[in-house]
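2 protein chains.
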Amino acid sequence: MTDTRASIDAYLQTHQNDYIQATMRLCAQPSVSATGEGVAACAELLAGLLVQHHFQVQVFPTAGQPVIVAHAPGASKGTLLLYNHYDVQPAEPLELWTTPPFTPTVREGNLYARGAADDKGEIVARLAALDAVRAARHGELPCGVTFIIEGEEESSSPHLDQFVREHRADLAAQAAIWEAGGQDSEGQVVVSLGLRGVLSVELSVRVMDRDAHSGLGHVLPNAAWRLIWALNSLKGPDERLRIPGFYDHVKPPTPRERELLLALPPRDELYRRNLGVRTFVRGGAGADMNLAVFEPTGTINGLTSGYQGPGGKTVIPARASAKLDFRLVPDQDPADILAKLRTHLDAQGFTDVAIEEQGSTPPAKTSADDPFVAMVARAGAEVFGRPSLIEPMLGGSGPMHIFFEVLGPVPIVCAGIQYWSNRAHAPDEHFRLKDFVNGARHIARIVENFASAS
Amino acid sequence: MTDTRASIDAYLQTHQNDYIQATMRLCAQPSVSATGEGVAACAELLAGLLVQHHFQVQVFPTAGQPVIVAHAPGASKGTLLLYNHYDVQPAEPLELWTTPPFTPTVREGNLYARGAADDKGEIVARLAALDAVRAARHGELPCGVTFIIEGEEESSSPHLDQFVREHRADLAAQAAIWEAGGQDSEGQVVVSLGLRGVLSVELSVRVMDRDAHSGLGHVLPNAAWRLIWALNSLKGPDERLRIPGFYDHVKPPTPRERELLLALPPRDELYRRNLGVRTFVRGGAGADMNLAVFEPTGTINGLTSGYQGPGGKTVIPARASAKLDFRLVPDQDPADILAKLRTHLDAQGFTDVAIEEQGSTPPAKTSADDPFVAMVARAGAEVFGRPSLIEPMLGGSGPMHIFFEVLGPVPIVCAGIQYWSNRAHAPDEHFRLKDFVNGARHIARIVENFASAS
Numbered sequence: 000m001t002d003t004r005a006s007i008d009a010y011l012q013t014h015q016n017d018y019i020q021a022t023m024r025l026c027a028q029p030s031v032s033a034t035g036e037g038v039a040a041c042a043e044l045l046a047g048l049l050v051q052h053h054f055q056v057q058v059f060p061t062a063g064q065p066v067i068v069a070h071a072p073g074a075s076k077g078t079l080l081l082y083n084h085y086d087v088q089p090a091e092p093l094e095l096w097t098t099p100p101f102t103p104t105v106r107e108g109n110l111y112a113r114g115a116a117d118d119k120g121e122i123v124a125r126l127a128a129l130d131a132v133r134a135a136r137h138g139e140l141p142c143g144v145t146f147i148i149e150g151e152e153e154s155s156s157p158h159l160d161q162f163v164r165e166h167r168a169d170l171a172a173q174a175a176i177w178e179a180g181g182q183d184s185e186g187q188v189v190v191s192l193g194l195r196g197v198l199s200v201e202l203s204v205r206v207m208d209r210d211a212h213s214g215l216g217h218v219l220p221n222a223a224w225r226l227i228w229a230l231n232s233l234k235g236p237d238e239r240l241r242i243p244g245f246y247d248h249v250k251p252p253t254p255r256e257r258e259l260l261l262a263l264p265p266r267d268e269l270y271r272r273n274l275g276v277r278t279f280v281r282g283g284a285g286a287d288m289n290l291a292v293f294e295p296t297g298t299i300n301g302l303t304s305g306y307q308g309p310g311g312k313t314v315i316p317a318r319a320s321a322k323l324d325f326r327l328v329p330d331q332d333p334a335d336i337l338a339k340l341r342t343h344l345d346a347q348g349f350t351d352v353a354i355e356e357q358g359s360t361p362p363a364k365t366s367a368d369d370p371f372v373a374m375v376a377r378a379g380a381e382v383f384g385r386p387s388l389i390e391p392m393l394g395g396s397g398p399m400h401i402f403f404e405v406l407g408p409v410p411i412v413c414a415g416i417q418y419w420s421n422r423a424h425a426p427d428e429h430f431r432l433k434d435f436v437n438g439a440r441h442i443a444r445i446v447e448n449f450a451s452a453s
Numbered sequence: 000m001t002d003t004r005a006s007i008d009a010y011l012q013t014h015q016n017d018y019i020q021a022t023m024r025l026c027a028q029p030s031v032s033a034t035g036e037g038v039a040a041c042a043e044l045l046a047g048l049l050v051q052h053h054f055q056v057q058v059f060p061t062a063g064q065p066v067i068v069a070h071a072p073g074a075s076k077g078t079l080l081l082y083n084h085y086d087v088q089p090a091e092p093l094e095l096w097t098t099p100p101f102t103p104t105v106r107e108g109n110l111y112a113r114g115a116a117d118d119k120g121e122i123v124a125r126l127a128a129l130d131a132v133r134a135a136r137h138g139e140l141p142c143g144v145t146f147i148i149e150g151e152e153e154s155s156s157p158h159l160d161q162f163v164r165e166h167r168a169d170l171a172a173q174a175a176i177w178e179a180g181g182q183d184s185e186g187q188v189v190v191s192l193g194l195r196g197v198l199s200v201e202l203s204v205r206v207m208d209r210d211a212h213s214g215l216g217h218v219l220p221n222a223a224w225r226l227i228w229a230l231n232s233l234k235g236p237d238e239r240l241r242i243p244g245f246y247d248h249v250k251p252p253t254p255r256e257r258e259l260l261l262a263l264p265p266r267d268e269l270y271r272r273n274l275g276v277r278t279f280v281r282g283g284a285g286a287d288m289n290l291a292v293f294e295p296t297g298t299i300n301g302l303t304s305g306y307q308g309p310g311g312k313t314v315i316p317a318r319a320s321a322k323l324d325f326r327l328v329p330d331q332d333p334a335d336i337l338a339k340l341r342t343h344l345d346a347q348g349f350t351d352v353a354i355e356e357q358g359s360t361p362p363a364k365t366s367a368d369d370p371f372v373a374m375v376a377r378a379g380a381e382v383f384g385r386p387s388l389i390e391p392m393l394g395g396s397g398p399m400h401i402f403f404e405v406l407g408p409v410p411i412v413c414a415g416i417q418y419w420s421n422r423a424h425a426p427d428e429h430f431r432l433k434d435f436v437n438g439a440r441h442i443a444r445i446v447e448n449f450a451s452a453s
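These protein sequences, in sequence, are chains C and V.
Sequential numbering of the first sequence, starting at 0, is according to numbering that gives the first Met the number 0.
Sequential numbering of the second sequence, starting at 0, is according to numbering that gives the first Met the number 0.
Simulated from the structure, these hints should not be mistaken for lab results.
These figures come from a predicted structure and were not determined experimentally.
Among the clues, some could well be false.
[Unchecked claim] Quick look at which bits of chain C chain V covers, simulated, 3 or more residues with Cβ under 8 angstroms:
(1) 230-237
(2) 284-298
(3) 313-326
[Said to hold, decoys possible] Simulated crosslink set (DSS-like; lysine-lysine; CA at most 27 angstroms straight-line):
(4) C:Lys250 - C:Lys339
(5) V:Lys250 - V:Lys312
(6) V:Lys339 - C:Lys312
(7) C:Lys339 - V:Lys250
Quick reminder that beta carbons are idealized off the backbone N, C-alpha and C, glycines included.
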C-alpha cells in the first residue's frame, strides 16, 4: 500500500504539467449554460478527453444540454460514482478579469479561467488521480469508476432528475464523490455531506394596467405596497418564516451532526473581512452560527417596481415583483412548501399576489456515521497534513437528492481542489496548482481505500 | 358687455388658425428640462412671441433655466398674474408616438406634440384671449396682466422659490390663474383651488459591501428584507401612516369644501376604464373617494434591490432602496415630516436606513369662499354651457405655495384648455382645437370680469 501511494504521488508530480495543459484546453472552450454558448462543443471536447483516458464514453442528448456518462471497469466489483459538470457560469462582467476568462493563464502559482475551479479543473484532477492509480497498478483500476458529467448545473440542472431516473442501471455505485470539495480558510479539508434543498419563486402583483400619477395616491392602488405587505407577512426581523406548517417536517441535526457543526471554525471574521458584513442574522456570531445551516431560510434575491432611475418620478407602480429562494432542510419538500406559501398568501388576503415557481430541488444528505465519510476524512488528513473537518450540510443546493432516490442510501461526499477564495462564479476564478496536485492525491487515496473495502 | 363678449368670440373664431400655427412653432422647439435639451432656445423663442404680442418682456437667468416675466399694463389699477411653464417632459418612449413628438401635427381636430397641452398650447391660448380682449377694446387691456413662465416645472421647480422671493415687486397682483385648468370627463369646467404639498425621498440600506450567495442566508444580512420591514413600519393596508405626529397639523376640509368635494362626480368608473384599476384604496368608491384628497398619502414610487433579470439568481442583496413621495395637506410642513420620518425609523431600530431628500414643496390652497372663485366658475359655465365644478384641492403638487407667501392671500385658481384624456406626460400628448378656443374664451371673460371688479 505504501509503495502504491508513493508511486501515485510520484506520477502526479511528474505529469502535473500535462494535466494543467489539458485543463487549459478545456477552459479555453466556453460552455455557458445560461446562454448555450459553446456548451455542445465542450461536451464533444470532454468526451474526447475521457476516451483518451481509457473511459467508455456515452454522450446522451437531453431536452437541454448533453449528459456524459463515462465508465472504466476495475479489479473489484465495487463502483465509485463521480459527479461533475462541464458547463460554467457567464463570465460577465468581463472588464473585471485580469486576463480574459476563456484565455486560461497561469500566474503566481494559480490557473485563471472561467470554469477553472468550477468545475473543469476538478474533472481533470480526477482523471489525473485515476491515471496515477492505474500507473501504480500496471494499468488497471482497483474498482469500477463511473463519471456522470452534466451540462446544466449552473442553470439548476433542469433535466438531470429525469436523466438519472432513466439511466439508473448505468449509474449503479456503492459510493459517490460530489463536485466542489476542498479546503477552508485555515487549509483544512472539509468533507461535506449534504446540500439544502431550494424552492425559487417570483412573487408578483399587478393592480392596474399601467403606472399612474402619484397625485392619485389617495384613491389608486399601489403594487409596491401590496408586495411589501405580502413579503412582510412571510418573515419578520426574528427571521422565523410565518407560513403555517413551514417547519412541520424540519429535523434538527443529530447529536453527532451537532458535534461536527460546533467543531467547525467560526466564520464571522472571514465574512466581515471579505464581504464587509455589518451585522449577522439575529446578531449571531461564532460557532453557534454553524448550527443555523440546519434551519430553512427565506431569502429575497431581488425587488423590482416602478421608477428606479436617478432622482424622483411621481408614479404609482402598476406592478411589483420579488424573487425569493427558500433553502430547505431534511425532510422539507419543495412542493409542500410551495402549496403552503400559496395557502398562506390567500389566508392573509393576498390572492392578488401571483407565484411563479422558478426551480426547486429537495434537500439531501449522507449520514455522518457512514464509514465512507471517516475514510474520506482520514485520506484528506493524510494528504493535506492537517485534520479534516466534516461539515454535515452545506448552505447551498444541488441535484444530489436524485442520486439517493435512484442509488439508495449510498454515501455521497465532496472532495476536490477548491479553496475558500477561488472566486468561483466571479471574475478571476482560479485554482491553486498545489491544490490541483493535492486534490488529485486525495481522490487517488479515496479510490484505493474504497476498492480495498469493497 | 355683451358686445365686448361677442367681439371677443368673433376675434377668436377668425384668428384661431394663427394661434394654432404659433403653438406649433413653439412645440417644434424641444425644451426638456430633465436633460436641458433646447430649453434656453425655447425661452428665446417664447420671449420673442410675447414681445410680438405687446408684452414688456424680461428673461432672467437663474441657477437653472431662465424665468420669463412679461407685463402688459391695463386701464384699471388691478393686475392679474398668469403662471405657466415652457419646459416639457421627456418625449420617450418615442416609438409609442403616432407622429414624432417635436413635429406638431393636426389630425382629427387635435394638435399632437410634446408640450401641446402641458403647457405651450395653454400659453398661446392665453395670448389669444388677451389679443381678443384688446381687439374688443381698441387695443387696451382693461387691467394689468403679468406672465411668469418658468423653465423647470417638469423638474420640480428647484429655483422658483428663490426667484419669486427676489422679484416680489415685479409679480404684484390681486389674483392669479394657475396652469392646467380645463374640463373633466363629462365636459364640465373644473375650477381647482389648491395643490397638495409633496416630500420626495429615497430610502436606502446597505448591509454588506457586495452581494453574497444565498446559501449563506442563515447567517448573512439581507438588505431587501431590512427595506421591507422598514417600509412596512410606515404604512399598513389601512393606508394610515404610522409615523408618530404625521397627522398633527392636518386640517380637515371646511364644511363648504366638503360640500364641493361631494358634488364632484365619482371617478371610479373612469379609472377602471382608463387605467384598468382592479380595486381602490380602502375599497373606496363613489363620491366619498373625493374627500380623501384632504388626507395626506405615502406612495412608493419604485423599489430596487438585487437581481432583477429573467429567471432566478441565488443572491443576497447587499443594498436595497425605495423611492417614496408623501403628498401633504394644509397645514403639514415637508421639513417637519422629514424629521418625523427619521425619528420614526430610528425608534423602530432602522438607524441603518438612510433617507435622501429629493425635493419638497408645501401645500397651498385658495379659499372656496373667495368671490374670484365664483366669478371664474360662472365664466366657465357661460363659455362651456354646463355648470362648472369647484375642486377645493387637486391631488398633485406644484410651486403654488411661494406665491401665497409673496403675494399674500390672493386667490389662485386653475383655468385652461386641458381635458381629462389629453395624455400629458405620455406619448401622443394633445389638445382639442375646440378646447383651445373655449379655453381662450374663458380666460378672456375672467380678464373682463376681474377688471370690472378691481
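Run the distance test for Lys250 (chain C) versus Lys339 (chain C): straight-line Cα separation, threshold 27 angstroms. holds, 18 angstroms
Closer than 8 angstroms, Cβ to Cβ, for at least three residues: run that test on the stretch 313-326 of chain C against chain V and report holds or violated. holds (count 10)
Given the hint that Lys339 (chain V) pairs with Lys312 (chain C), test it: the Cα-Cα distance must not exceed 27 angstroms. Satisfied, since the Cα-Cα distance of roughly 23 angstroms is no more than 27 angstroms.
For the pair we were handed, Lys250 (chain V) and Lys312 (chain V), check the Cα-Cα distance against 27 angstroms. Since the Cα atoms of Lys250 (chain V) and Lys312 (chain V) sit roughly 48 angstroms apart, the hinted pair is violated (cutoff 27 angstroms).
How does the coverage statement for the stretch 284-298 of chain C fare against chain V, requiring three or more residues with Cβ below 8 angstroms from a Cβ of that chain? The restraint on the stretch 284-298 of chain C holds, since 7 of its residues have a Cβ under 8 angstroms from chain V and three suffice.
For the pair supplied as a hint, Lys339 (chain C) and Lys250 (chain V), confirm whether the alpha-carbon distance does not exceed 27 angstroms. violated, 45 angstroms
Please count how many residues of the stretch 230-237 of chain C have a CB within 8 angstroms of a CB from chain V and say whether that reaches 3. holds (count 5)
Checked against the numbered hints given earlier, the structure breaks hints 5, 7 and satisfies all the rest.
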